[in-house]
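J.: Work from the hints to combine the two standalone chains into their complex.
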Amino acid sequence: MLPESERQWERIAYLLREGRLTRRELLQVARVVMGTAAFAAVAAACGRQSSAAVTLPDVTGIEEPIPVERRDIFEHVQQPTRLQLVSESVAVSGVVERVTYNPYDGDHKVYVKLDPQYEHLLRPSNNGLLVAEVIATDEPTVYIPQPGEHATFHGPLVLDRGHDHWVEIHPCWLITTDSITGPLEPRRTLRVEVEASEEVVVGRPWPVAIRVVPAHDGDGSAVNGVHLFLELISAVGVTVRWKAARTNMLGEAVVRLASLVRAGEYTLYVHAAKGQDMGEAEIRLRVRRR
Amino acid sequence: MRRWSRLAERRWAALEAAALLAITALAATARLWDLGAIGLRGDEAVYAGQAAVLAGDQELKRYFVLLSRGNSNFLLYQYVLAAAYWLFGVSDVLARVVAAVFSILTVPLTYAIGRTLFGRSTGLIAALLLAVSGYAIFLGRLALLDSTLTFCVTLAIYCGARWVRGGGDRWLYAFAAAAGLAVDAKVTGVLVLPVLGLALLLTHGYSRLTVRSVAISAVVFLICLAPAFYQLFEYGSLYLAFLADSIRRVSHVPWYYYPKVLARYDGYVLLVLAPVSLVVAAIRRSLGDILLATWILVFGVFQQAYPLKAFNYLLPLVPALALLGARALEQALSVVRRSWVAAPVALTIVLAASLPPVWSAVRVHDYAGMREAAYWLAENAAPDAGVMTLSQGSAQYVLAFYGRRDAYPFGRFRLATILPGGTVVRPSLRSDATPRDWVVFWPPRLLASGEVSYLVFYTNAGDDPPEDPIVRSSTQRQFQRLVEDYGGELVHTVYHNREPRVWIYEVTKRLPQPELTFSVERDVMRIEGRGFRLNAPVSLYYRGEFLAEVQADERGNFVTTVPVPATAGPVFYLVGVDSAGNYASTTGRHIWGDIAMEPDAGTMGDVETPALADQGQGAAARVGGE
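Protein sequence lines, in the order shown, are assigned to chains C and X.
So the first sequence is numbered by the numbering used here: it starts at 1 and just counts up by one.
So the second sequence is numbered by the numbering used here: it starts at 1001 and just counts up by one.
Keep in mind that the hints were calculated from the coordinates and are not lab data.
Model, not experiment: these values are computed from the prediction.
Heads up, the beta-carbon is just placed ideally off N, CA and C, and yes, glycines get one too.
One or more hints might be untrue.
Across the chosen pairs, the derived CB separations fall in these ranges [what the hints assert, rightly or not]:
id	chain 1	residue 1	chain 2	residue 2	range
1	C	Glu97	X	Arg1498	49 to 59 Å
2	C	Thr100	X	Gln1392	24 to 34 Å
3	C	Glu63	X	Thr1423	33 to 43 Å
4	C	Glu265	X	Trp1086	52 to 62 Å
5	X	Ala1037	C	Glu97	53 to 63 Å
Some, not all, of what chain X presents toward chain C, calculated at C-beta under 8 Å [as the list claims (entries may be wrong)]:
id	residue
6	Gln1480
7	Gly1487
8	Val1491
9	Tyr1573
Calculated from the model, a selection of chain C residues having no Cβ within reach of chain X, i.e. all distances over 12 Å [claimed, not checked]:
id	residue
10	Thr55
11	Val59
12	His108
13	Leu129
14	Ser179
15	Gly182
16	Thr247
17	Glu282
Chain X on its own, in the form it takes in the complex (with noise of 0.2 Å):
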C-alpha cells in the first residue's frame, strides 16, 4: 500500500515538474521570441553602453560612465552583462537576453513561493499567471534593470518565505544576500527589508530571531552590498549630486496612473483578480497571505507615494500579484470544486483574456528605426560629425552606442547628460517647470560651433492610422523648428514595415539667422559673413544694386572687401542672399551715423528686387542666383 501512494506521489511530483517546464518554457517563449526585431531603446542603451565598458569596450568610454544618472542605481545587471560581453562579444540582442531571463527565472522562483507558502496548485498557477504577464513580459524583453530588480526580490521573499515557514537560518542569510543584490540592482530593491520585517512583526515571527542571526545576516547583507559601496567611494560627490538631482523629479500623472499602467500592458485579468486577492488574503490571514500583503502594501504605498512615477516602477509587485491571483483562483475553484470543468475553464479564460496582452507586448514596435539610423550615420558621417536627437534624456545614447558617434539630445527632462568625453552636465532644475537647458540653452551652441552636423527626428507613431500627426508634442515641434531654421537637408530616412520613422537632416547652416557686418578703411568696404548656408554662393546688394558674389566657407563665413559704392549712405541697406535664400542685411548708421539723410532713403523705391526664378526644388536657390 505504501508502495502504491510513494509510485503516486512520484507520479504527481513528475506531473508537477511536467507542468512548470511547460509553464518556463511559455514564459521563455513569450520573452525570447524575435528579441532583436528593434534596436534599443535610450535606457537600454545605456546600459547596454555602461556593461559594454565594464567588459573592455575602449571606444564606448567616450559616451558611457558607470554611474546611474537617475535613480543612482548600482550596477549589478550591468556586471552580469559585462561577463556575456566578456564571453561572446558586445551586442544589443545579448543585453535582452540577459534581462530576459532574469524574468523567466522569476518564473519558477514564483512557484516555489506558491508552493512553499499555500501548496503546488497555488505555485503552478501563479507560475503560468506570471509567465502571461504581458506586462512582465513586456519589460522581460527590454535590457532595463527592472527584471533583475524583480529576479532579486523574488528570490529574497522566497528565501524569506522558506525562513518564516521553519527553515534554518541558513534562509534567513540567503533573504540577506538576495537583498544586497536587490538593492545592486536598484536601489528600490531596499525595501524587501521592511516587507519582510512587517510581515514578522504582524506574525510574531520575529521571536525566532536571534542576536547571532541578526548580526550575521546584516554582515551578509553588506557584503554583498560591495559593489554599490565600491561605487559609492569612486564617485561619491558625483553620486550625491545625482541622487540630489533625482529626488526632485516628479512626474505630474493623476493618482491612477499605476492602475492604468497594469491595464495598459497586462490586461484586466490581474487587476479584476487583485482586489479580490486581497479581500480573501485578509479574511485568512495565514502566514503567507500577510507575507504577499505587505510585499503588495510596502511596495505598492511607496510608488504610489514616490513623486517621480514611471511605467517600468511596478514589476517587482507582479509576482506577488500572480500568486495573490493564484490564491484566489485557487480558492474560487475550490468553492465550485464539485465541477470537473471548472478548473479547466477558468484557466482556459485566464489564459484567454491574457493572449491580447501578451501580443502586444511581443509586438511593440516603439523606437523603430533608431538602430538602422545609427548604423547608416557610422557608414556615412565623419567620425568627428555629432548629432543630436530628440530625448527625454537617453535616446541619444542609442547612436552614441551603435553608430560611435558623438551624440546630444534635445528635449525637456530632469536628468544629468553625459557629454561625449565624459563632461557631466546637470539639469538646471526648477520647482515649476522641466529644464530647458536641452531646447534653447545647448542646441544653438553645439550647431554654431560645429560640433553637431545631424539632426535625427524620430517618431513612435506609424501612419495607420493616418490622422495621427508627425509631429504633435511640443518638444517635437521644436525640433523641427531647429531643422528648419538651419537649414536641414533631408539624407537619409529609415522606413520599418514600409512607414517613415527616422529621418536624419544633416544641418547647411551654423546659425539660425546669418548675420552681416561692414567695415570702411577709405574707399574700401570690408563685409563679414556669418551663418550663410555652408560652401554656398552669397549674392552681395547695396541699395538694391547687384555688389558682388562671395563664397561662404564650410563654417558659412565670409569675408571680402569691394570699393565703397558712389552711393553709400548711413541707412542703404547691404543685403547678403545665399543660394538657398538666407538672407541678412545692415545698414551703414555705425559707420555713417544719421546724417546725410535722403528723403526717400530705405523705402522700397530704392529696392530692385532680383527677378524670380523657376518654380520647384530650384525655387530656394534662386534668389541668389541672379
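The shape of chain C in the complex, shown without the other chains (with noise of 0.2 Å):
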C-alpha cells in the first residue's frame, strides 16, 4: 500500500506520461517548485553578507576633458588593476597636508583637505583626505605644491583596492595654484645610460645598471638622487613589471630584476628625473624558458 504522497506522484508521472494534468496538479508541482526556490533563495542570502559592493562618489560637475596626450590613463602607472576608476577625468581642490615619496614606485602622495564642495568625495577610508598621486614619469611636469598650499588637482578619480578602496586622483596629471597655471616645462637635461645583459632564462636576476649623467656635460660627471622608474614591456605593448630606484652619490643605480616573466621579448624603459629635468633609455630583453 503506498502513502498518499507516493499515489500522487504516481499520478501526475502519468498523467505527465499522457500529457494531461489537473489545475489541482499543476498547482502542486507549481508550489513545490516555489518553495525550492524560496529555499535556494534563503540558502543563496545566507551567503550574501561577504559579497559588499562599494559604493561609488557622485562626480557630478566635477569632471572635464581629458587631454589629448592622456588617452591612456594608466600609462606609467604601476599596478593599474588595483585601481578601479570612478572618472577619467576631474578636478578638486584643497589644501595640502603633507606630501610624501614612495621610493617603492617612485611617487609622490599628496594629501589634501578638500574643499567643503568636495568632502563628499571621501569614504571612510580616507581618513578626511584625499590623496592626489604624482606617478614618476610626471614628476618633471608637475608642480608638487608645498604643505599648506591651496591648490587644484587634475586626473581621473579611482578606489584604490589596496587601501580599503579609498579614493584618489591617480595619476595626478596637473597641479595648478595661484601661481601655477598649467604644466611645467621638462627639461631634457639628462642622459640615461643602462647597460644589462641581452638574454636571461625565466627568473633569473637580471640587474641593470643605470648611470645619468648630465646630457650636454662634457665632463661624464654623474647625478646622482636622480628618481629612475623602470617598466617591462612584452612585445604586444603589456607593461609586466614595474620598479622604482635612485641613483646613488656615484650618480648609478643597480637594479635587480627577478625576471620572473614569461618567455619572449620585451622591452625596459627607463625614465629618470630630478624635478624638471629628465631623460629616457630603453633597450632589450629576451626572456628565454631554459
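T.: Structure (C-alpha cells):
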C-alpha cells in the first residue's frame, strides 16, 4: 500500500506521460518548485554578507575633458588593475596637508584636505584626506605643492583596492595654484646610460646598471639623487613589471630584477627625473625558457 | 515455479553485485590512477607529517604538532595513516592512497543507502554518479580529511537509514559510533546528529526512541570521541586558542561560491539534477526523501552560512546529491519506461557529461615541482639552512616534509604557524584585513638572523597560454621584491612538462639595504658595514675618492680602520659599494656636526665616479671592481 504522497506522484507521473494534468496537480508542482526556489534563495542569502558592494562617489559637476596626450590614462601607472576607475578626469581643490615620496613605486603622494564642496567624494577609509598621486614619469611636468598651499588637482578619480577602496586621483597629471596655472616645462638635460645582458632565462636575476649624466656636460660627472622608474614591456605592449630606484652618490644605480616573466621579447623603459630635469632610455631583453 | 523465481532472483543479485563491483572498480581507477604524479600540497603535507610523527618519525617532530591549526579538527585520518606508515613506511603516495580508499568505500556505501531507502536501481545509479563525480574524485585523490569525513558521514547516514527503516537498535548505536568517528575526522562531522534528528522530527520517527537506546547511543558516541577528548586534554589551551582564531576567519567570496565550485569540479550533471531531485523529494516526501533532504539542508545551510568557505567543504554533501540525482533519474526513467532505449541513453549522457570533469580532476597540476624543489634542497642545502616560500598558511610544510629543512611561510593568512622546533606563532588578527606578519614582520627578521637562506618561488600556472603572468598577486609581487632586495641568486629551477614552475633562490645579503657607519679615534677612522653581499669585496670611497677595499664576512658585515682622510669633513660622503653594486653611504655629521661647511661640499661636483665596466652579467659587479 503506497502512502498518499506516493500515489499522488504516481498519478502526476502518469498524467505527465499522457500529457494531461489537472489544475490542482499543476498547482501542486508549481508550489513545490516555488518552495524549492525560495529555499535556494534563502540559502543564497545566507552567504551574501561577504560580498558588500562599494558605493561610487558622485562626480557630477567636477568632471572635465581628458587632455589629448592622456588618452591611455593608466600609462606608466604601477599595477593599474588595483585601481577602480570612477571618472576619467576630474578637478578638485583643497589645502595640502603633507607630501610623501614612495621609493618603492617612485610616486609622490599629496594628501589634500578638500574644499567643502568636494568632501562628499571621500570614503571613510580616506580618513578625511584625498590622495593625489603624482607618478614618477610625471615628476618633471607636475608641480608638487608644499604643505599648507591651496591647489587644484586634475586627473582620473579612482578607488584603490589596495587601501580599502580609498578615493584618490591617480595619476594626478596636473596641479595648479594661484601662481602655477599649467604643466611645468620639462628639461631634457639628463642622459641615461643603461647596461644589462640582452638575454636571460626565466627567473634568473637580471641586474640592470644605470648611470645618469648631464646630457650636455662633457666631463662625464654623474648626477646623484635622480628618481628612476623602470617598466618592462612585453612584445604586445603589456607592462609586466615596474620598479623604482634612485641613483646613489656616485650617480649610479644597480637595479636587480628577478626575471619572473614569461619567455619572450621585452623592452625595458627607463625614465629618469630630478625635478624638471629628465631623460629616458630603453633596451631590449629576450627571456628564454631554459 | 518457486525454484525458477529463486533462480531469477539469484541471477539479479549476481548482476547487481557485478554492476556494483564494476562501478567500484571505476571509482578506484579514477581515484588511484597516477596518484603520485604531483607531490603533496601544503595541507596534505601537514596531515602526512602529523601521521609520520604518530608513526614514530622523530625527525619530523621538529616541524609538526599533533593539533589542527585551522578548524580545530581531530586526527582520525592521521591515526589510520600512521598505522599504514607503521606497516609500509612514510611516503606521500601512501597518504593519498589512504584518503582514496575512504573515497572509494563511500561509493558502495552510497549504493547501500540508495538500496535501503529506494531500491536497487536507485542505489546503483547513485553509486555510479558518485563514482564519476569530478569533485569527489579530485578530493579523493588528495591526502585531506574530507574523504575520511565523508565516508564516516555516509556510514552514519546508512546506519541511521537502516534504523529508521525498522532495523534494530544496534543500527542506532552504529550510527552513534559512526557519528563519533565523523567528528574525529573533522568537527563538522557533528552535523550528522541534526541530520538524523531533523529527519526523525519530520517523520515522527522519534517515537521509536527509548531512554535506554538514547543513553547507550550517547555512551557509544562519547567512547568513539575518546581520541578527540585525549587531544583536548593534551592541548586544551592551545586548542581553544586555535579555535578562537579559526572561528574569526572569513572568506570574502560571493554568495554563489559553492555552486561555482561544484560546477567547476563536477560539471553540471549534479548541479542540474539537484534542484530537480529536490522537487521530486518534496513531492514524494517518503522517509528516504526526507532523510536526504535534511542531509542536504543541514550541511548545505551550515556551509553557506558559515563565514569561512573553502573548495573542499562540500564533499559530505556529494553522496546526498548523488542519491537525490539518482532518485530523479530513476523517476524520469519511470516516466519514459515504455522506451527500452531511454535508460541506456540517459546513462550514456550522464557518463559523457561526467568525462571532462573526471579528466580534469585526474590531470590537476597544481603545486607541481614543490616536491622536487624540496628534494633538491635536501641534497644541496646545508642541514641548518632555512627556507621560505609563498604560502597561504601551509605550503612551507611541503618543504619540511620532503626536504626535512626548516621552512617558513611568506603570505597573508589567518592561521597559526608552527616554527621549526614547535614554537607556535599565532596570527595577529585584524577585523579589516588579513594579517601581514608573514609579509612585513617575520621575513626580514628571519633573513637578517640568517635563519632563512633560500627563497622558493612557485607558480601554479603553466606558460601556455603565454600571456598568463607568472607574478600576478600582490603577495607574489612582494615575494619577488624580497628575492630582489636580498640579492637572490637563482640556484635551481624545477621544470614540469618542460615549463618552469619552481625557482629556488639563495639569498646573498642579510639586509635589503646595506648600512655603513664610522667613528673617529685620534687619526684613525673605524668603519663598520652591515648587510653587504656575503663574503664579497666592498670598495670604500670618501669624497668620491677610492679609500680602501675590504672583505665582507659570511654575514655580509665588516669592520676596518683607515687613517682619517686629510679632507675629512662633516658633509662629505663615505660610500661603500660591494661587488654586486649594493650601496650604502653616510656623512660625518654625527662626529663633526655641521661645522666647517665648504661652499661646494656634498654636491655632485665632489663625487668622482668610477668608470662603467663591461656590459652583460658583469654589469652588476663592475661598480666595486674599480
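J.: Against this structure, judge whether each hint is valid.
T.: So, going through the hints one by one against the coordinates:
1. A beta carbon spacing of about 54 Å between Glu97 of chain C and Arg1498 of chain X agrees with the range 49 to 59 Å that was offered as a hint.
2. Separation of Thr100 of chain C from Gln1392 of chain X is about 32 Å and conforms to the stated range, judged on CB atoms against 24 to 34 Å.
3. For Glu63 of chain C paired with Thr1423 of chain X, a C-beta distance near 56 Å fails the hint of 33 to 43 Å.
4. For the pair Glu265 of chain C and Trp1086 of chain X, the supplied restraint of 52 to 62 Å holds, since their beta-carbon distance comes to about 56 Å.
5. The supplied range of 53 to 63 Å is met by Ala1037 of chain X and Glu97 of chain C, whose beta-carbon atoms lie about 58 Å from each other.
6. Taking 8 Å as the C-beta cut-off, the interface hint given for Gln1480 of chain X holds, the closest approach to chain C being about 5 Å.
7. At its closest, the beta carbon of Gly1487 of chain X sits 7 Å from a beta carbon of chain C; the interface hint therefore holds under the 8 Å criterion.
8. A hinted interface residue such as Val1491 of chain X counts as satisfied when its beta carbon comes closer than 8 Å to some beta carbon of chain C; here the least separation is about 10 Å, so the hint is violated.
9. At its closest, the beta carbon of Tyr1573 of chain X sits 5 Å from a beta carbon of chain C; the interface hint therefore holds under the 8 Å criterion.
10. Against the 12 Å criterion, Thr55 of chain C stays outside the reach of chain X, whose nearest CB is about 17 Å from its own CB.
11. Separation of Val59 of chain C from chain X is adequate, the least Cβ-Cβ distance of about 26 Å exceeding the 12 Å criterion.
12. No Cβ of chain X approaches the Cβ of His108 of chain C within 12 Å, the least distance being about 20 Å, so the stated non-interface status holds.
13. Even its closest Cβ contact with chain X, about 18 Å, leaves Leu129 of chain C beyond 12 Å, as expected for a residue assigned away from the interface.
14. For Ser179 of chain C, the condition that its CB be more than 12 Å from all CB atoms of chain X holds, with the nearest at approximately 28 Å.
15. Non-interface status of Gly182 of chain C relative to chain X is upheld: no Cβ of that chain comes within 12 Å, the nearest being about 30 Å off.
16. Under the 12 Å C-beta cut-off, the non-interface status given to Thr247 of chain C relative to chain X is violated; the minimum distance is some 10 Å.
17. A cut-off of 12 Å between C-beta atoms confirms that Glu282 of chain C is not in contact with chain X; the least separation is 15 Å.
Hint compliance for this structure: hints 3, 8 and 16 are broken, all remaining hints hold.
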